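Position chain P against the provided structure of chain Y, taking the given hints into account.
Listed in order, the protein sequences are those of chains Y and P.
Going by my numbering, the first residue of the first sequence is number 1, and it counts up by one from there.
Going by my numbering, the first residue of the second sequence is number 276, and it counts up by one from there.
Derived from the structure by calculation, the hints contain no laboratory data.
Incorrect hints may have been included.
Here are some chain P residues pointing at chain Y (derived, C-beta under 8 Å) [claimed, not checked]:
(1) Gln433
(2) Glu441
(3) Lys445
(4) Leu449
(5) Ala451
(6) Ser452
(7) Thr453
(8) Thr455
(9) Leu458
(10) Trp540
Just so you know, these numbers come straight off a predicted model, no measurement behind them.
Ideal Cβ positions, reconstructed from N, Cα and C, are used throughout, including at glycine.
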Amino acid sequence: MSFITVKNVWQQYADQVVLEGLNLNVNEGEFCTLVGASGCGKSTFLRLLLGQETASRGEILLDGQPLAREPDASRGVVFQRYSVFPHLTVLDNVALGLELPRSPLLGRLFGSAKRQAREDAAHLLDKVGLGHALDKYPAQLSGGMQQRLAIAQALIMKPRVLLLDEPFGALDALTRQQMQDELLAIRARAKITTVLVTHDVEEAIFLADRVVVMEPRPGRIKQVVDVALPHPRQRSSFEFHQLREELLHELTNDGHYQPPVREQIRDLPLAFIAC
Amino acid sequence: MRLINRHPDRPSRLLLVILPFALVLFAYFMGSAERLADNPNDKLLPSAVQMTDAVKRLAFNADSRTGEYLLWQDTASSLRRLAIGLGIAALAGLCLGMAAGTLPLFGAPLSPMLTVLSMVPPLAILPILFIVFGLGELSKVMLIVIGITPALARDLEQRARDIPVELLIKAQTLGASTWTLMLRVVLPQLLPRLLISLRLMLGSAWLFLIAAEAIASTDGLGYRIFLVRRYLAMDVILPYVVWITLLAWLMDWGLKYLTRRAFPWYEGAAK
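Chain Y extracted, bound-state conformation:
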C-alpha cells in the first residue's frame, strides 16, 4: 500500500502543459528523489505535493486521503532559499512551529508553555548541531547552517512528508556533501517519508531509495530507478559510478543535448570554447 499515490496528474498553465500524465507511488518512510533538467516540471510537481498549487487533472492521495488543497502541518518543506524567518532568532524560528498551532489567537505562547516550547526547540537544534547559535539571527549564519535550521524547523512539526526543493543547491560542494550526510543521519533517526527535488544526479543517487528521472517539455516521468546500494554509499565506488553514468545518459539522451566526446573538444575552434 503506497503512502503517496499520484494518479495521472496533469498541470497546465493556459495552453502550456507543464506536467503530463504523472503516475507515481511513494511508500511510507521511503526517500524518493526527482531529478531532471530545468523545465522538466519537478518543482511544479513538488508544489502540487505541497498544496501550493492544484493539479489541472488527476489526483494525489496521501495515505488514501485526497491531499489538502493548501499547505498545512502534515507536509514540511525546505526551499533552496528563504526557508527561515529573518526576523526571528534561530531558537524562535523553530519554537514558532510549536507556538502557532497551539495559540490560534496570538500565535505565541506565554509562561511555562513558552518555556517548554523553547526547551523542545533547543533540544532539537542541539541534535542538528545548532545548539551554539540559538540566539543568532539567520543572516548571521552560513548558508549551510541556514538550511540546517530550515530542516530542524520542518522536523519540529513531525510532518508526515518532508518535501525538499533543491535544499542544498545554493551551497558550496563541500558543505553540500556534509549536509547530505547529515540529512541521512537525521532520516536514520526518524524514518520520515521524503521527496527531494534536485538537478544533481550524484545527490539524487547518494540520498535516495528511488530516483525518478523526469524529462522536460512537457514534464514527464522518463524512468524510475531503484537504488539498491547500501548506506553509507561511496561516491567513488564502481556501482555508484555506473548508476550515475546510466542516469546521466537518460537525462541527456533526449535530442536536446549531446555530451561532447574528448576528441571532439580538441578539434573545436577556440571561439566556440570561449563562449
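Coordinates of chain P only, in the frame set by chain Y:
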C-alpha cells in the same frame, strides 16, 4: 588618479561636511553685515544679535497678552498635531498596506483605490477638510493623515508583496492560520519598513502641518511664521525655520536609531 577613485580620509571628510554649512553661514552674515551697515533698520537679513534677541523674547519671556512662552507653546502645539497625525497615519497605513499586500482578496479592491487616492493633492482638499471638520485641531490632524496615509499604505503594500512567498508557505506548514501568519510573519517584517517609510514621509507631514497652521490656527510654529510675516520679522522667521529643521532632523535621527535598536535583524538581513 581618477576622481572616481579618490576618497576623503577621516579628517578631510569632517572638513568637507562642515564646509557647505560654513559657506552658507558666512555668505549670510557677510550680506547681513553689509546691508545693516547701509541701513541699520534693514529687516531682510537680521544679524545674529537681532535673532538672538528675538529668540530670547519668544522663548524666555512670557507673552504680555497670554502669559505663555510663545516658542514652547508653538512647539508643543505643532508637535502634538504632528505626533497624532503621524500616529494615525502609521496605524492606518500599516493596516491597509498589510491587508492589500498579503491578502489577494483585499488587494484587488484596495490597491487601485490607494493608487488613485495617493494622486489627490492633499492641499487641494484642505478647504474641504476645513468645511467638514471645522477650523479646530481635527482638520489639521486630518490633513496630515490624509496626506501621508495613501503613500505609506502603498509602500507597505509593496513591502508585503516583497516578502518571499516561500516564507508564507513555510509559515503555513508550521501550522499558521491567515491571522497568525500576518501577526507573526508579515507584521514583524513590515515594522522596520514602516519606520523607514515614516522617515521619508516626515518632510511631507511637516509641509501639511505648516500649511494647515498658516491658514487657520491660533498657535503653532507655522502659525507664528505666517503671523510675523506681516511685520517682515525675519529675526523671528529665520530662527523658527532653523528650529523646525532641527526638530525634523531630530525626529528623523530618532526613527533611524529606533529602527536599529528595535530590529537588529533588519540591517543584517539587508546585506
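Each hint tested on the structure:
no.	hint	result
1	Gln433	violated, 17 Å
2	Glu441	holds, 4 Å
3	Lys445	holds, 6 Å
4	Leu449	holds, 4 Å
5	Ala451	holds, 5 Å
6	Ser452	holds, 6 Å
7	Thr453	violated, 10 Å
8	Thr455	holds, 3 Å
9	Leu458	holds, 5 Å
10	Trp540	holds, 4 Å
Against the hints set out earlier in the document, violations occur for numbers 1 and 7.
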